[in-house]
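Visitor: Spelled out from the first residue to the last, the chains are:
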Amino acid sequence: MDRTERILDLVALLLDAREPISWAELREHFPADYGGSDDAAERKFERDKAELVELGFPLTYVQGDDERRDGYIVDRDAYYLPEADLTKEELAVLYAAGSAALASGVFPGRDDLAHALRKIGFFAGQSLPTPRVRMELGAVQEGQVKEVSARLEQLWDACAARKWVEISYASPKHPNATHRRVDPYGLALRRGVWTLVGHCHLRGGLRTFHVHRVRELKVNTARPRTPDFQVPEDFSLDNHVAYFPWQHRFHEPLEVVLRLSGPLAARASGLFPGATLEPKGEGLTLAKLRVSFLDGLARFCLSLGADCVVEGPESARSRLREMAARVANRHADALEGKVTA
Amino acid sequence: MSNVHERLRRLLFLVPYVSKHPGVTVEALARALNVSREDLLEELDLLTCVGRPPFNPDDYIDIYVDNDRVYVDLDQRLFAPPRLTAGEAAALAASAELLRPASGDALQSALQKLERVLPPQVRERYREMYRKIDASAEAPQALGPLTRAILERLEVTFGYASPGRAAEPRRVRPYELLSHRGQWYLQGFCHTRQDSRLFRLDRMEDIVITETPFVLPPDARADVPNPARSRSEDSVRVRFSPVAAPYVKERFGQDARPLADGGVEVLVAGDSERWLTQWVLSFGGEAEVVEPVSARAAVARAARASIGL
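So the protein lines, in turn, are chains A and B. Its first residue numbered 1409, the first sequence is counted upward by one per residue in my numbering. Its first residue numbered 294, the second sequence is counted upward by one per residue in my numbering.
Bear in mind the hints are in silico, worked out from the structure with no lab data behind them. Backbone N, C-alpha and C fix where the C-beta goes; we use that ideal spot for every residue, glycine too. Please note that the accuracy of each hint is not assured.
Stated by the list, open to error - EDC-like mimics (lysine to aspartate or glutamate), calculated; alpha carbons at most 20 Å apart, straight line: (1) A:K1496 x B:D554; (2) A:K1581 x B:E408; (3) B:K406 x A:E1491; (4) A:K1457 x A:D1410; (5) A:K1626 x A:D1565; (6) B:K406 x A:D1493; (7) A:K1496 x B:D398; (8) B:K542 x A:E1555.
Stated by the list, open to error - Short derived list, chain B residues pointing at chain A, Cβ under 7 Å: (9) F306; (10) G316; (11) S402.
So here's chain A without its partners, still in its complex pose:
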């Protein structure tokens, strides 16, 4: 019998059973499948049982007593999906977000997500919203989508089962690929880029990896149901992945003060979320922020134009001046006249 068919038969049998079903009975019901030696039959049933548990099938073994015999039983109430009573708005937001993630082509747990959307839509009848939200990931080239999607899926499984992975990784900064073993702690999406955060055995510490830069990936297949590592209690993905260029952890953090004038003054909170803002009257705002990658901040400030000025410290001021002077000099012939930083 086909394995899919056998497992579905088991589901039908167990959902219908009023009494626990013993192993001996199961063997009688499926003589062709659980025949052969005791050992082989048991191993086969163990695999089926594991699959049933994976499917969310609440299968338990009960020790019998005077009233009841030994055997397998399923809690039907725990099996059937109850109606979640989602309002129209709640369903719409879950559908919009879920389908945007699916449409992106690259979201960890894609299969899980597709099934979840189907299930929560089960009771909605005809009123199921048609979401019109899409997400495209910037760093992934068109031809790479399948590959990145497959890697995210493997990483999702590895994170969930806490199995280590072996990766070959090359970044634009260090184009020679390095091979390393990583304990995957989690995945974070920032500005269209998926990042793996985990303990890197090669570097002996926590590291972040852009998933689209992973060249090869292998998940440890030994003892699939036994975790290889523990994630530290106090671990938080958010502490390790940068939202903005100045948050990359390249040097000791320092506090930088920016002076935003003109139209930027009113947009300060949107441009520098998390910064301490000090409005200084009409059209002027001071923004204080923690910076651990000065060059990232300088480039961002430069792109904002003359209304964004670095007040201090001096190291930050001079870095921005150097960069601006470099750009001005490279384009100087268009205006004539050189600039010194």
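With chain A held as given, fit chain B onto it using these hints.
Guide: Chain B only, in chain A's frame:
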């Protein structure tokens, strides 16, 4: 995840779905399950062989196609789908984070309700897995009302500040929201311009949902903004140093032309001088406009202004 597992999950949903929607068309069912018509018919075939021992005629699932519609007469107790697994709930919750800042209370209450329908023994596992994907996006507040306007097919009005210009009023039929490289866009038909347009959400202000309904065209789909793909007569040649080249290649792929010195060159749309200037400046000296001279001059002026010249 194995194919057997995927197939089982699909089949455990299929029977209850048909049970709840008797007479669903083969096509609609295939769409709901994201499989081809052929694969679906094969799955239905398999299901007719499924049942419970002792496998008397009444013990099989009785599911059949009649006149291109699917019916189930005996579901063998598969009348509702299984509860969400920890992985399914975690993936759903993580994807919901994409819209968190824009979704108000609806998302919070939806997630609470989801957690309530999880089997108790799965909840802890769900919470653990949910912590492992962090898709919190920088979703702007405007996503909330725009999502609603798209769903309810109602026109919207807003003030739109094009770069270098003060905000001007627009009336738009909202078709689709698109997130690209962390930036959110609305695609729709703009009455003011009498054309399809892509609007950046961070440049919209005072969004109002009107009571004017519209019909959504079937092919409405936003093009992903890519300056290297919208070249025109005003295209600008930008050259990048060998330091920046690997990053530019990663972003533009084959649109980045390699140079002898290890750098790369990209030809980009030059219809927005302000955007181009900001973009070149954001490379902090590792990018240079080659031509036209007007664009070179704009970059030089902006860089000089930054240091007070």
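Visitor: Next, verify each hint and record whether it holds.
Guide: To see whether the hints hold, each was checked on the structure:
Annotation: proposed proximity of K1496 (chain A) to D554 (chain B) is violated, straight-line Cα distance about 58 Å (limit 20 Å). Distance restraint check for K1581 (chain A) and E408 (chain B): the Cα-Cα separation of roughly 43 Å exceeds the 20 Å cut-off, and the hinted pair is therefore not satisfied. The hinted pair formed by K406 (chain B) and E1491 (chain A) meets the criterion: a straight-line CA distance of about 10 Å does not exceed 20 Å. Restraint check for K1457 (chain A) and D1410 (chain A): satisfied, since their Cα atoms lie roughly 16 Å apart, inside the 20 Å limit.
Restraint check for K1626 (chain A) and D1565 (chain A): satisfied, since their Cα atoms lie roughly 12 Å apart, inside the 20 Å limit. As the CA atoms of K406 (chain B) and D1493 (chain A) are separated by approximately 8 Å, the hinted pair is consistent with the 20 Å bound. In summary, the hint linking K1496 (chain A) to D398 (chain B) is supported, as the alpha carbons are separated by about 13 Å, within the 20 Å threshold. At roughly 18 Å between alpha-carbon atoms, K542 (chain B) and E1555 (chain A) fall within 20 Å of each other, so this suggested pair holds.
A hinted interface residue such as F306 (chain B) counts as satisfied when its beta carbon comes closer than 7 Å to some beta carbon of chain A; here the least separation is about 6 Å, so the hint holds. The interface hint given for G316 (chain B) is violated, since its Cβ lies 13 Å from the closest Cβ of chain A, which is over the 7 Å cut-off. A hinted interface residue such as S402 (chain B) counts as satisfied when its beta carbon comes closer than 7 Å to some beta carbon of chain A; here the least separation is about 6 Å, so the hint holds.
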